[in-house]
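Based on the hints, put chain A in the right spot on chain Z.
Residue numbers (UniProt numbering), protein chains in the order written: chain Z, 1 to 360; chain A, 1 to 360.
It should be emphasised that the hints constitute simulated quantities derived from the structure, not laboratory data. One thing to keep in mind: the hints can contain errors.
[What the hints assert, rightly or not] Restraint ranges, calculated between C-beta atoms of paired labels, are given here: (1) A:ASP131 with Z:GLU21: 51 to 59 Å; (2) Z:LYS269 with A:GLU52: 38 to 46 Å; (3) Z:GLU24 with A:GLY258: 30 to 38 Å; (4) Z:THR55 with A:LYS285: 40 to 48 Å; (5) Z:GLU21 with A:GLU268: 38 to 46 Å.
[Claimed, not checked] Away from chain Z, derived, C-beta distances all over 12 Å, residues of chain A: (6) ILE63; (7) LYS124; (8) SER138; (9) LYS252; (10) LYS269; (11) LYS272; (12) ASP276; (13) ASN304; (14) GLU356; (15) LYS357.
Glycine residues also receive a C-beta, built at the ideal position from the N, C-alpha and C atoms.
In case you want the letters, here they are:
Protein chains: 2
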Amino acid sequence: MSRVYNFSAGPAMLPEEVLKEAAEEMTDYRGTGMSVMEMSHRSQAFASILNEAETDIRELMHIPENYKVLFLQGGVSLQFAMIPMNLMKNKVADYIVTGQWAKKAYQEAQKYGRVNKIASSEDKTFSYIPDCSDLSVSPDADYVYICENNTIYGTKFRELPDTKGKPLVADVSSCFLSEPVDVTKYGLIYGGVQKNIGPAGVVIVIIREDLITEDVLPGTPTMMQYKTHADAGSLYNTPPAYGIYICGKVFKWLKKQGGLEEIKKKNEKKAKLLYDYLDESCLFKGTVEKKDRSLMNVPFVTGNEELDAKFVKEAKEAGLENLKGHRSVGGMRASIYNAMPYEGVQALVDFMKKFEKENL
Amino acid sequence: MSRVYNFSAGPAMLPEEVLKEAAEEMTDYRGTGMSVMEMSHRSQAFASILNEAETDIRELMHIPENYKVLFLQGGVSLQFAMIPMNLMKNKVADYIVTGQWAKKAYQEAQKYGRVNKIASSEDKTFSYIPDCSDLSVSPDADYVYICENNTIYGTKFRELPDTKGKPLVADVSSCFLSEPVDVTKYGLIYGGVQKNIGPAGVVIVIIREDLITEDVLPGTPTMMQYKTHADAGSLYNTPPAYGIYICGKVFKWLKKQGGLEEIKKKNEKKAKLLYDYLDESCLFKGTVEKKDRSLMNVPFVTGNEELDAKFVKEAKEAGLENLKGHRSVGGMRASIYNAMPYEGVQALVDFMKKFEKENL
Numbered sequence: 001m002s003r004v005y006n007f008s009a010g011p012a013m014l015p016e017e018v019l020k021e022a023a024e025e026m027t028d029y030r031g032t033g034m035s036v037m038e039m040s041h042r043s044q045a046f047a048s049i050l051n052e053a054e055t056d057i058r059e060l061m062h063i064p065e066n067y068k069v070l071f072l073q074g075g076v077s078l079q080f081a082m083i084p085m086n087l088m089k090n091k092v093a094d095y096i097v098t099g100q101w102a103k104k105a106y107q108e109a110q111k112y113g114r115v116n117k118i119a120s121s122e123d124k125t126f127s128y129i130p131d132c133s134d135l136s137v138s139p140d141a142d143y144v145y146i147c148e149n150n151t152i153y154g155t156k157f158r159e160l161p162d163t164k165g166k167p168l169v170a171d172v173s174s175c176f177l178s179e180p181v182d183v184t185k186y187g188l189i190y191g192g193v194q195k196n197i198g199p200a201g202v203v204i205v206i207i208r209e210d211l212i213t214e215d216v217l218p219g220t221p222t223m224m225q226y227k228t229h230a231d232a233g234s235l236y237n238t239p240p241a242y243g244i245y246i247c248g249k250v251f252k253w254l255k256k257q258g259g260l261e262e263i264k265k266k267n268e269k270k271a272k273l274l275y276d277y278l279d280e281s282c283l284f285k286g287t288v289e290k291k292d293r294s295l296m297n298v299p300f301v302t303g304n305e306e307l308d309a310k311f312v313k314e315a316k317e318a319g320l321e322n323l324k325g326h327r328s329v330g331g332m333r334a335s336i337y338n339a340m341p342y343e344g345v346q347a348l349v350d351f352m353k354k355f356e357k358e359n360l
Numbered sequence: 001m002s003r004v005y006n007f008s009a010g011p012a013m014l015p016e017e018v019l020k021e022a023a024e025e026m027t028d029y030r031g032t033g034m035s036v037m038e039m040s041h042r043s044q045a046f047a048s049i050l051n052e053a054e055t056d057i058r059e060l061m062h063i064p065e066n067y068k069v070l071f072l073q074g075g076v077s078l079q080f081a082m083i084p085m086n087l088m089k090n091k092v093a094d095y096i097v098t099g100q101w102a103k104k105a106y107q108e109a110q111k112y113g114r115v116n117k118i119a120s121s122e123d124k125t126f127s128y129i130p131d132c133s134d135l136s137v138s139p140d141a142d143y144v145y146i147c148e149n150n151t152i153y154g155t156k157f158r159e160l161p162d163t164k165g166k167p168l169v170a171d172v173s174s175c176f177l178s179e180p181v182d183v184t185k186y187g188l189i190y191g192g193v194q195k196n197i198g199p200a201g202v203v204i205v206i207i208r209e210d211l212i213t214e215d216v217l218p219g220t221p222t223m224m225q226y227k228t229h230a231d232a233g234s235l236y237n238t239p240p241a242y243g244i245y246i247c248g249k250v251f252k253w254l255k256k257q258g259g260l261e262e263i264k265k266k267n268e269k270k271a272k273l274l275y276d277y278l279d280e281s282c283l284f285k286g287t288v289e290k291k292d293r294s295l296m297n298v299p300f301v302t303g304n305e306e307l308d309a310k311f312v313k314e315a316k317e318a319g320l321e322n323l324k325g326h327r328s329v330g331g332m333r334a335s336i337y338n339a340m341p342y343e344g345v346q347a348l349v350d351f352m353k354k355f356e357k358e359n360l
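Bound-form chain Z, shown alone (with noise of 0.2 Å):
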């Protein structure tokens, strides 16, 4: 069989020349005889793989000398503690809850200290960006925390919040390296990496360097002390290392698609290619207020669940796979990230078409 268009939330396609060229390296990375999942991660050759990985994303995200880069393990659900447990000093924190994982990484951080909601759009299910340009932020907070793309519910901050100072703490799983970013408006940025970098097990932390102390929750494990890696150079103990390099492989390859600049404008048109027929289809429509509309995630329903089923069926049997919606918003959802060719959502409309045409 041939290759699909996998328009799966995460894990998620990869670019396929990535993908061959791991292949081909398998049993003998570029003459070493072995392959990276053997190799000490303590070695030359592997040194090599972290730090190229390293200077990629700094020179594809500009990041600037005073953050320091992170290849961390865990998931973003290990963050959620882990953030809190270091960065909390006068233990309270602000959470904006625009979807479930924003929600989880809330409640989490109750254990750890005094956690306000200072904004909220669980009143839609999610569905739009409140609005975060006045909100009340607490004196003492140590953080304000966002998601910034919402995987479940297709929304993406377009505009980063007023923090009134604060540090800004935002999980970018879901729209990682998918387009220009000002690391200086954040404090920390993280993202587990398997929506649009690489496979699941690789959590990318990029935080500036004063957030990273000694002075963290008591109890707070070794391993989730930022300093603990930081110090080490993300080699405490043996990290997710074939992960990691599959990750270089994949800045490499956003390098030569032109940077972030360039990655943007694809995957502007790819979207704007599905919001255009959603916003004209009589039997499709969005679920997003559009202006909060994200590039990455695109939920969309027929109003009718047979009908739904119906189209994730055959869409499936055409080579379109994993477009079922996420059972809290239901319908549809095609996750286009920056490994999904344009021609993949081509044939995404092509079939949505067809399927009215036959189904209206």
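Chain A only, in chain Z's frame:
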């Protein structure tokens, strides 16, 4: 270049046929049209991979039904905190310190309660396993902790300590699946997979069900509760899916080898070849008390640092890689895990004989 014999202590050699299969399936896993890296962890294809992996390791280790098998992230270093956070009901634990990793576990546990070092071999650079047949186990100890095979020092518990009825917790990273094991003698067995099983980034925890409770230390992150992962079948969050997939292939490879009984015979044969030569050599000598020798990690020295360095360098040129010993022991170390073929150890011994002749 062809494949080298890689004596790395970990990450380490994997069976070549496993790597070849993974390479072949990289862009299209068995007709799914996608890589395992790209697969939703909620998909049927991945559910099969995870279920088969669990079934196979249960079969290999004869794991009783009242034990859970968890596939986690974060490495053994995260377990150093996770174990006390979950098991320290009385806030007391006993540790047997037979190497650097046991020592790190012992130190980390001190964050969470009263921790007793009830035996140690630090007096002789961890070159032996202390007598553990009649230890002063604390009456209120929540568990007794060991590192069963000491990667750096090349020692192994040939008999398990008498824990006086307390649950035994064992880090088996460097002897995982290298020989049959009586799971019922342990409360919790765990290890990083990157020595004997798969790529770094996966930790397997085998835990008796009665030790999985909600009664954990205050402030324990949700992700660090065994119950979280046990209840969700290792799918609470996105697991390190690709790593689990490779582990699964290694389990199948082990079954094809005849299971743990047969792999033990092979490991004994390999180790005997090397130890017999060390015992008769006039140049090289092993650093470990014979009764406590590991089948997996074999440290040895010439007694002359310059000669050690020369050996490591020339061995590398001959395709025998990563023979440099850990800095705390010096000299050389050959890690001869399951995937190291007999021919690799034979090549090493042949090379050592030649080197001895040339340099004595």
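Results for each hint:
Here the CB-CB span from ASP131 (chain A) to GLU21 (chain Z) is close to 53 Å, well matched to the stated 51 to 59 Å. Between LYS269 (chain Z) and GLU52 (chain A), the C-beta spacing of about 41 Å keeps the proposed range 38 to 46 Å intact. Our hint of 30 to 38 Å for GLU24 (chain Z) and GLY258 (chain A) holds, since their Cβ atoms are close to 32 Å apart. In this structure, THR55 (chain Z) and LYS285 (chain A) meet the distance hint of 40 to 48 Å, their C-beta atoms being roughly 44 Å apart.
Roughly 40 Å separates the CB atoms of GLU21 (chain Z) and GLU268 (chain A), a value that falls within the hinted 38 to 46 Å. No Cβ of chain Z comes within 12 Å of the Cβ of ILE63 (chain A); the nearest lies about 24 Å off, and the non-interface call holds. The claim that LYS124 (chain A) is not at the interface with chain Z holds, since no C-beta of that chain comes within 12 Å of its own (minimum 26 Å). The claim that SER138 (chain A) is not at the interface with chain Z holds, since no C-beta of that chain comes within 12 Å of its own (minimum 21 Å).
LYS252 (chain A), annotated as away from the interface, keeps every beta carbon of chain Z farther than 12 Å; the closest lies near 17 Å. Every CB of chain Z is more than 12 Å from the CB of LYS269 (chain A) (nearest about 22 Å), matching its label as outside the interface. For LYS272 (chain A), the non-interface assignment is confirmed: its Cβ lies about 25 Å from the closest Cβ of chain Z, beyond the 12 Å cut-off. Look at ASP276 (chain A): its CB is around 27 Å from the nearest CB on chain Z, clear of 12 Å, so calling it non-interface holds up.
At roughly 24 Å, the least C-beta separation between ASN304 (chain A) and chain Z is larger than 12 Å, which holds for a residue marked as non-interface. Its beta-carbon lying about 25 Å from the closest one in chain Z, GLU356 (chain A) satisfies the requirement of being farther than 12 Å from that chain. No Cβ of chain Z approaches the Cβ of LYS357 (chain A) within 12 Å, the least distance being about 26 Å, so the stated non-interface status holds.
Going down the numbered hints, you'll see the structure goes against none, and every one checks out.
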